[in-house]
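Chain A is fixed; fit chain B onto it per the hints.
There are 2 protein chains.
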Amino acid sequence: MSGDRAVQVASKERLRLWLKLLKASRLMEADLRERFRSQFDTTLPRFDVMAALSRKPDGLRMSDLSAELKVSNGNVTGIVDRLVEDGLVVRVPVDHDRRAMIVRLTARGHETFGLLAAEHEAWIDGLLGGIAPAEAAELGRALDRVSAEAAAHMQQARKPEGER
Amino acid sequence: MSGDRAVQVASKERLRLWLKLLKASRLMEADLRERFRSQFDTTLPRFDVMAALSRKPDGLRMSDLSAELKVSNGNVTGIVDRLVEDGLVVRVPVDHDRRAMIVRLTARGHETFGLLAAEHEAWIDGLLGGIAPAEAAELGRALDRVSAEAAAHMQQARKPEGER
Chain A
1 MSGDRAVQVA SKERLRLWLK LLKASRLMEA DLRERFRSQF DTTLPRFDVM AALSRKPDGL
61 RMSDLSAELK VSNGNVTGIV DRLVEDGLVV RVPVDHDRRA MIVRLTARGH ETFGLLAAEH
121 EAWIDGLLGG IAPAEAAELG RALDRVSAEA AAHMQQARKP EGER
Chain B
1001 MSGDRAVQVA SKERLRLWLK LLKASRLMEA DLRERFRSQF DTTLPRFDVM AALSRKPDGL
1061 RMSDLSAELK VSNGNVTGIV DRLVEDGLVV RVPVDHDRRA MIVRLTARGH ETFGLLAAEH
1121 EAWIDGLLGG IAPAEAAELG RALDRVSAEA AAHMQQARKP EGER
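Taken in sequence, the protein lines are chains A and B. 39 is the number that this note's numbering gives to position 39 of the first sequence; each next residue is one higher, with no gaps. 1059 is the number that this note's numbering gives to position 59 of the second sequence; each next residue is one higher, with no gaps.
No wet-lab data here; the hints were simulated from the structure. What you are looking at is a predicted structure, and each value in this text was computed from that prediction instead of being measured. Ideal Cβ positions, reconstructed from N, Cα and C, are used throughout, including at glycine. Careful: at least some of the hints might be erroneous.
The calculated DMTMM-like cross-link candidates involving lysine to aspartate or glutamate, where the alpha carbons are at most 25 Å apart (straight line), are [claimed, not checked]: (1) Lys23/A - Glu1135/B; (2) Lys1023/B - Glu121/A; (3) Lys23/A - Glu135/A; (4) Lys12/A - Asp1004/B; (5) Lys159/A - Glu1029/B.
Facing chain B, a subset of chain A residues (Cβ under 7 Å, in silico) [claimed, not checked]: (6) Ala10; (7) Ala24; (8) Met28; (9) Ala117; (10) Glu121; (11) Leu127; (12) Leu128; (13) Pro133; (14) Ala137; (15) Leu139; (16) Gly140; (17) Leu143; (18) Val146.
Across the chosen pairs, the derived CB separations fall in these ranges [stated by the list, open to error]: (19) Pro1093/B - Arg82/A: 42 to 50 Å; (20) Asp1041/B - Lys159/A: 20 to 28 Å; (21) Arg1061/B - Pro57/A: 51 to 59 Å; (22) Val1094/B - Leu115/A: 42 to 50 Å; (23) Asp1058/B - Lys56/A: 49 to 57 Å; (24) Arg1016/B - Gly87/A: 27 to 35 Å; (25) Val84/A - Asp1004/B: 33 to 41 Å; (26) Arg1082/B - Arg82/A: 26 to 34 Å; (27) Val1094/B - His110/A: 52 to 60 Å.
Here chain A stands alone, though its shape is the one from the complex (with noise of 0.2 Å):
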């Protein structure tokens, strides 16, 4: 093979990997989203909100929480504002900064996002049933590394050409 041609397979292999990501990624994704709809009336941007908040008892600041979510769609401050009416979240200020605002769940907050995320695992485990564990490890550790990979690459576009 040429060197030419050896470039051209890897760059149509790395396109087909990606196309594959993203077909798994949609179509789990998908079947997620219509069961937090049908079964409990919630949708994924809102489970992924509560799953940050759940991760930091001490609450965020909001600028922070829409950091952690950035990629995840979603308008965080309309979320935050729906957790909030229905008692699922509270706004605290912060001590030493008037300007800024801290959320996090309320008990109620936290007993529902368990229920969620218990139901939520439940169904992961129902579409990956057949990936033996040692198979899920493994390939997530190849997910580990597409990310980072993506990542890097990412960080490196964004610096001055000087600094590359």
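Frame of chain A, contents of chain B only:
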């Protein structure tokens, strides 16, 4: 490890796999969206519609196009309307069915898609540059398994209880 414990470990491993799959997919998708926007003033769903049409020189019925893109979000009718306005797509009546319309790329649509697709492939080749072709192929096969497992489970779950 007791049976219950093994089941729990397997479930957590599958959840971790899903979260890693979603992370890799969202990370790359966010980058591609941003490049389509900043470099071509276009969107990923619009590219997806053109990609689907580029594979069918004779065109596709709107219903088949919608079905093919059902998990890619985006309002297919609205996207097609704008592609028609831009002269990249035409709607033509189906000979034997007065109510049905077929949409297909115009010559300019094919040309534009060709340029976008080449850039898209180059972006992905950059993002995944550190993944060797053999590794990409292996990971692709594992992702095919994930999609097949998920699709089979989804089909099974949609059947009435008596048929499962």
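Status of each hint after checking the structure:
1. A threshold of 25 Å between alpha carbons decides the hint, and for lysine 23/A with glutamate 1135/B the separation of about 18 Å falls inside it, so the pair holds.
2. A hinted pair counts as satisfied when its Cα atoms are at most 25 Å apart, and lysine 1023/B with glutamate 121/A qualifies at roughly 16 Å.
3. For the hint pairing lysine 23/A with glutamate 135/A, the CA-to-CA distance comes to about 19 Å; that is within 25 Å, so the pair holds.
4. Taken as a hint, the lysine 12/A and aspartate 1004/B pair is broken in the structure, with Cα atoms around 44 Å apart against an allowance of 25 Å.
5. Only pairs whose Cα atoms come within 25 Å are accepted, and lysine 159/A paired with glutamate 1029/B is accepted, the gap being roughly 20 Å.
6. Taken as an interface hint, alanine 10/A checks out: its beta carbon lies about 5 Å from the nearest beta carbon of chain B, inside 7 Å.
7. A distance limit of 7 Å between C-beta atoms decides the matter here; for alanine 24/A the minimum to chain B is near 5 Å, and the interface restraint holds.
8. For methionine 28/A, the shortest C-beta to C-beta distance to chain B is roughly 5 Å, which falls under 7 Å, so the interface hint holds.
9. Taking 7 Å as the C-beta contact cut-off toward chain B, the hint placing alanine 117/A at the interface is violated, the least distance being around 9 Å.
10. Interface restraint check for glutamate 121/A: the shortest CB-CB distance to chain B comes to about 5 Å, inside 7 Å, so the restraint holds.
11. Because the beta carbon of leucine 127/A sits about 5 Å from the nearest beta carbon in chain B, less than 7 Å, this interface hint is met.
12. For the restraint placing leucine 128/A at the interface with chain B, the shortest Cβ-Cβ distance is roughly 4 Å, inside the 7 Å limit, so the hint holds.
13. Proximity of proline 133/A to chain B holds as hinted, the smallest CB-CB distance being about 4 Å (cut-off 7 Å).
14. For the restraint placing alanine 137/A at the interface with chain B, the shortest Cβ-Cβ distance is roughly 6 Å, inside the 7 Å limit, so the hint holds.
15. A hinted interface residue such as leucine 139/A counts as satisfied when its beta carbon comes closer than 7 Å to some beta carbon of chain B; here the least separation is about 5 Å, so the hint holds.
16. Among the interface hints, the one on glycine 140/A holds; its C-beta lies about 5 Å from the nearest C-beta in chain B, closer than the 7 Å criterion.
17. Taken as an interface hint, leucine 143/A checks out: its beta carbon lies about 4 Å from the nearest beta carbon of chain B, inside 7 Å.
18. For valine 146/A, the interface hint holds, since its Cβ comes within 7 Å of a Cβ in chain B; the closest pair sits about 5 Å apart.
19. The given range of 42 to 50 Å is respected by proline 1093/B and arginine 82/A, whose C-beta atoms sit roughly 45 Å from each other.
20. Between aspartate 1041/B and lysine 159/A the C-beta distance comes to about 24 Å, which sits within the given range of 20 to 28 Å.
21. Checked against the hint of 51 to 59 Å, the C-beta distance between arginine 1061/B and proline 57/A comes to roughly 53 Å, which is consistent with it.
22. Distance hint check: the CB atoms of valine 1094/B and leucine 115/A are about 49 Å apart, consistent with the given range 42 to 50 Å.
23. At roughly 54 Å, the beta-carbon separation of aspartate 1058/B and lysine 56/A lies within the given 49 to 57 Å, and the hint holds.
24. In this structure the hint that arginine 1016/B and glycine 87/A lie 27 to 35 Å apart at CB holds, the actual value being about 31 Å.
25. Between valine 84/A and aspartate 1004/B the beta carbons are some 38 Å apart, a value that agrees with the proposed interval 33 to 41 Å.
26. The given range of 26 to 34 Å is respected by arginine 1082/B and arginine 82/A, whose C-beta atoms sit roughly 31 Å from each other.
27. For valine 1094/B and histidine 110/A, the hinted distance range of 52 to 60 Å is satisfied, since their beta carbons lie about 55 Å from each other.
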